[in-house]
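Number of protein chains: 2
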Amino acid sequence: MKNLVGACIFGQSGGPTSVINASAAGVFIEALAQKNITAVYGAANGIKGILDDRLYDIGKEDPAELELLKYTPSSALGSVRYKLKDASVDETDYKRILEIFQKYNVRYFFYNGGNDSMDTCNKISKYLLAKGYECNVIGVPKTIDNDLFGTDHCPGYGSAAKYVATTMMELNLDAKVYDKGQVAVVEIMGRNAGWLTAAAALASYKGLGPDLIYLPELPFDPEKFLVQVKEVMDANKGKCIVAVSEGIKTASGVYVAEALGKAEMAKDNFGHAQLGGLAAKLADLVGRTYGVKVRGIEFSLMQRCGAHLASKTDVEEAFRAGQEAVRAAVNGETDKMVVFKRDMSSGSYKCVYELMDVAQAANTEKKIPREWITEDGVGLKHEFVDYALPLIQGDCKAPLEDGLPRFAKLKKVLVK
Amino acid sequence: MKNLVGACIFGQSGGPTSVINASAAGVFIEALAQKNITAVYGAANGIKGILDDRLYDIGKEDPAELELLKYTPSSALGSVRYKLKDASVDETDYKRILEIFQKYNVRYFFYNGGNDSMDTCNKISKYLLAKGYECNVIGVPKTIDNDLFGTDHCPGYGSAAKYVATTMMELNLDAKVYDKGQVAVVEIMGRNAGWLTAAAALASYKGLGPDLIYLPELPFDPEKFLVQVKEVMDANKGKCIVAVSEGIKTASGVYVAEALGKAEMAKDNFGHAQLGGLAAKLADLVGRTYGVKVRGIEFSLMQRCGAHLASKTDVEEAFRAGQEAVRAAVNGETDKMVVFKRDMSSGSYKCVYELMDVAQAANTEKKIPREWITEDGVGLKHEFVDYALPLIQGDCKAPLEDGLPRFAKLKKVLVK
Numbered sequence: 000m001k002n003l004v005g006a007c008i009f010g011q012s013g014g015p016t017s018v019i020n021a022s023a024a025g026v027f028i029e030a031l032a033q034k035n036i037t038a039v040y041g042a043a044n045g046i047k048g049i050l051d052d053r054l055y056d057i058g059k060e061d062p063a064e065l066e067l068l069k070y071t072p073s074s075a076l077g078s079v080r081y082k083l084k085d086a087s088v089d090e091t092d093y094k095r096i097l098e099i100f101q102k103y104n105v106r107y108f109f110y111n112g113g114n115d116s117m118d119t120c121n122k123i124s125k126y127l128l129a130k131g132y133e134c135n136v137i138g139v140p141k142t143i144d145n146d147l148f149g150t151d152h153c154p155g156y157g158s159a160a161k162y163v164a165t166t167m168m169e170l171n172l173d174a175k176v177y178d179k180g181q182v183a184v185v186e187i188m189g190r191n192a193g194w195l196t197a198a199a200a201l202a203s204y205k206g207l208g209p210d211l212i213y214l215p216e217l218p219f220d221p222e223k224f225l226v227q228v229k230e231v232m233d234a235n236k237g238k239c240i241v242a243v244s245e246g247i248k249t250a251s252g253v254y255v256a257e258a259l260g261k262a263e264m265a266k267d268n269f270g271h272a273q274l275g276g277l278a279a280k281l282a283d284l285v286g287r288t289y290g291v292k293v294r295g296i297e298f299s300l301m302q303r304c305g306a307h308l309a310s311k312t313d314v315e316e317a318f319r320a321g322q323e324a325v326r327a328a329v330n331g332e333t334d335k336m337v338v339f340k341r342d343m344s345s346g347s348y349k350c351v352y353e354l355m356d357v358a359q360a361a362n363t364e365k366k367i368p369r370e371w372i373t374e375d376g377v378g379l380k381h382e383f384v385d386y387a388l389p390l391i392q393g394d395c396k397a398p399l400e401d402g403l404p405r406f407a408k409l410k411k412v413l414v415k
Numbered sequence: 000m001k002n003l004v005g006a007c008i009f010g011q012s013g014g015p016t017s018v019i020n021a022s023a024a025g026v027f028i029e030a031l032a033q034k035n036i037t038a039v040y041g042a043a044n045g046i047k048g049i050l051d052d053r054l055y056d057i058g059k060e061d062p063a064e065l066e067l068l069k070y071t072p073s074s075a076l077g078s079v080r081y082k083l084k085d086a087s088v089d090e091t092d093y094k095r096i097l098e099i100f101q102k103y104n105v106r107y108f109f110y111n112g113g114n115d116s117m118d119t120c121n122k123i124s125k126y127l128l129a130k131g132y133e134c135n136v137i138g139v140p141k142t143i144d145n146d147l148f149g150t151d152h153c154p155g156y157g158s159a160a161k162y163v164a165t166t167m168m169e170l171n172l173d174a175k176v177y178d179k180g181q182v183a184v185v186e187i188m189g190r191n192a193g194w195l196t197a198a199a200a201l202a203s204y205k206g207l208g209p210d211l212i213y214l215p216e217l218p219f220d221p222e223k224f225l226v227q228v229k230e231v232m233d234a235n236k237g238k239c240i241v242a243v244s245e246g247i248k249t250a251s252g253v254y255v256a257e258a259l260g261k262a263e264m265a266k267d268n269f270g271h272a273q274l275g276g277l278a279a280k281l282a283d284l285v286g287r288t289y290g291v292k293v294r295g296i297e298f299s300l301m302q303r304c305g306a307h308l309a310s311k312t313d314v315e316e317a318f319r320a321g322q323e324a325v326r327a328a329v330n331g332e333t334d335k336m337v338v339f340k341r342d343m344s345s346g347s348y349k350c351v352y353e354l355m356d357v358a359q360a361a362n363t364e365k366k367i368p369r370e371w372i373t374e375d376g377v378g379l380k381h382e383f384v385d386y387a388l389p390l391i392q393g394d395c396k397a398p399l400e401d402g403l404p405r406f407a408k409l410k411k412v413l414v415k
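Respectively, the protein sequence lines represent chains A and B. Quick note, the first sequence lines up with residues 0 to 415 if you use numbering that gives the first Met the number 0. Quick note, the second sequence lines up with residues 0 to 415 if you use numbering that gives the first Met the number 0.
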């Protein structure tokens, strides 16, 4: 652990969130204030920007715009889904990264993302350590999926959960407005972990949530689903609202969207299936089976970029995660990821910032404990509500200009 | 025009909006304060509640909850889509309505809705006039479609437009985040008039809107669409965002969703085709043609119930529309609908409240003038921006409780 002097690079990776730029603001504002950091660079499209030598000079940005990043959704520097091969298999990318780091005397590297991005961060960290190139590497967590191991929760989750819970309340009022029955199926993101779909239970806690919640933690049985929908319809004048995770699978491990007839599923660069269209398929299944009016609804990209509905707690924690990463690196820490610990010792929620080995965060998924899910598998217990509620507190959004959000406008001056 | 003494009934009809309950609050609060109005009733599910003798006693509600109606989306009393036959064809429903009005000595009737609902309002008004039953009938406009004739704009439009414009800005940042090309097609409500889809142009005005906007005012040519998308992709590194109205039709008058292969389209009780699924179909068309990554997005019900993103201007005007209806009726007006006029004489936007014959509003659709649409047909001119921008100003939403909206909770005490 050494106190290094040199430039820093920050990169954003994976699916954007409402607050990933809040972490960027935290890194940038803190890094610009640190004497040992001689220059602050943002990588265009994450690791790709380093490989392509496309770095933005953050020192040239207007401080007021960096402040607005806190309220600006998506990845201001551009994101990427690029999987680094193991250095033992192909060293090409690593050599190039080292070359760029040497070219700009980069001694601090911060990478913001989820599981896959922490895998990238870990590989680079280990390579630099193996080569003896002194550079402090710290991962900054991010994912609306909330599935990163070792942290109480992830920046981005609280805002997406607030979007899901608030919108479910509004939809509940809308979908039940007519005197006739209707079944609405709402599809929510989350590939293998149901944290975001579970946030619909916060609306149920307020009496305005879905009647049934299907998580990817449990196998999905279409026959049982139809019976459960029918039970709700019979008890509620034909009305039923279902929240379903995009990633639910049958007992045999097949994605339900696939099992219901999607010819072939596209895959992204990490080999993950591109999901979606499930809500329409399940709604159609109910409609055909019971001859009732149905509607399939997808929260689509809105749930991850709805910054107008961001959680203040989430924005502040995401900013702080970026700050803490810089402070830790400047204090000589490396090969770590910032993690959140929940401190309830005062009787109320407090977030404490710690560090964990980045290798532990890489590629490990955290799922909802079975004991937080109701026996029947279609609801969440109070343990989940107690867990999630502190994360969605407070409002925090961009100032209005002409009634519309004034998002950050970066100059993005490329370093020559 | 007589000053009548008796009860009033208020009903909500058609698709709900973010502010239809703000108009309810305006009617209720004003009616409860009027001496000539002896009782204030809310019809459960609009005209159906009158036919079924299901009326809620609004006098039994907590005034604080009536106040919260301003910020509560959807129709608190329940809505309905029920078409009254012409009295000359079948008088059954009219006789029943008259019977209920006599039973409760109803001398004021307020009906809140769009074209179809104003048709209902008009028919009832004309029937009561013909029968010599003294009852002042006033329609309160409402529709996110903004297509009512004779009014500058409609309550509900401003909030839905603010949802569309804000969300398009957020989506623009998200959909363009990767270094690879992607075409996103966003489907927006609006059966025959493109006002709401056009609101996407407000995001474009801020530099973060769709590249192409397709309105139902102009025929849609799939071949031309593909060429226009390609042009944008070529100019923008493969990235393109399209906003499309659910109601676009081909030159031969066929709904595009239908033309692209929807086997059979369901129809609602008014014979209108139930639209939706168009975004996925158009995205698929682009994907198959050019082999690029695509995403279809529907704003679905969220655009009409997203009260957390309501326009303060819209909420205030919707409330006032309800108030003005009551004041007009108490002053002896009948057979009218409240309309908004735009007063720009001071140099800035001001809404003025007037009355129009309800027959004029019924079943007439107002569309976007051709001269407000760009020559190429895929954008809006500054005339539209100037028109729409004042309608989305200001924020106004329910107070937070546990980080979630505290919507109105009505007791809904049925009148015996």
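Derived by calculation from the structure, the hints in this document are not laboratory data. Misleading hints may appear alongside valid ones.
Where chains are identical, the list cannot tell them apart; a pair therefore holds if satisfied intra-copy or between any two copies.
Said to hold, decoys possible - Straight-line C-alpha distance at most 20 Å; calculated EDC-like pairs for lysine to aspartate or glutamate:
id: 1; residue 1: Lys408; residue 2: Asp61
id: 2; residue 1: Lys292; residue 2: Asp356
id: 3; residue 1: Lys280; residue 2: Glu257
id: 4; residue 1: Lys34; residue 2: Glu222
Here the structure is a predicted model, which means the values were calculated and not measured.
Against the earlier hints, flag every one the structure doesn't satisfy and list their numbers going up.
Violated hints (numbers, rising): 2 and 4; every other hint is consistent with the structure.
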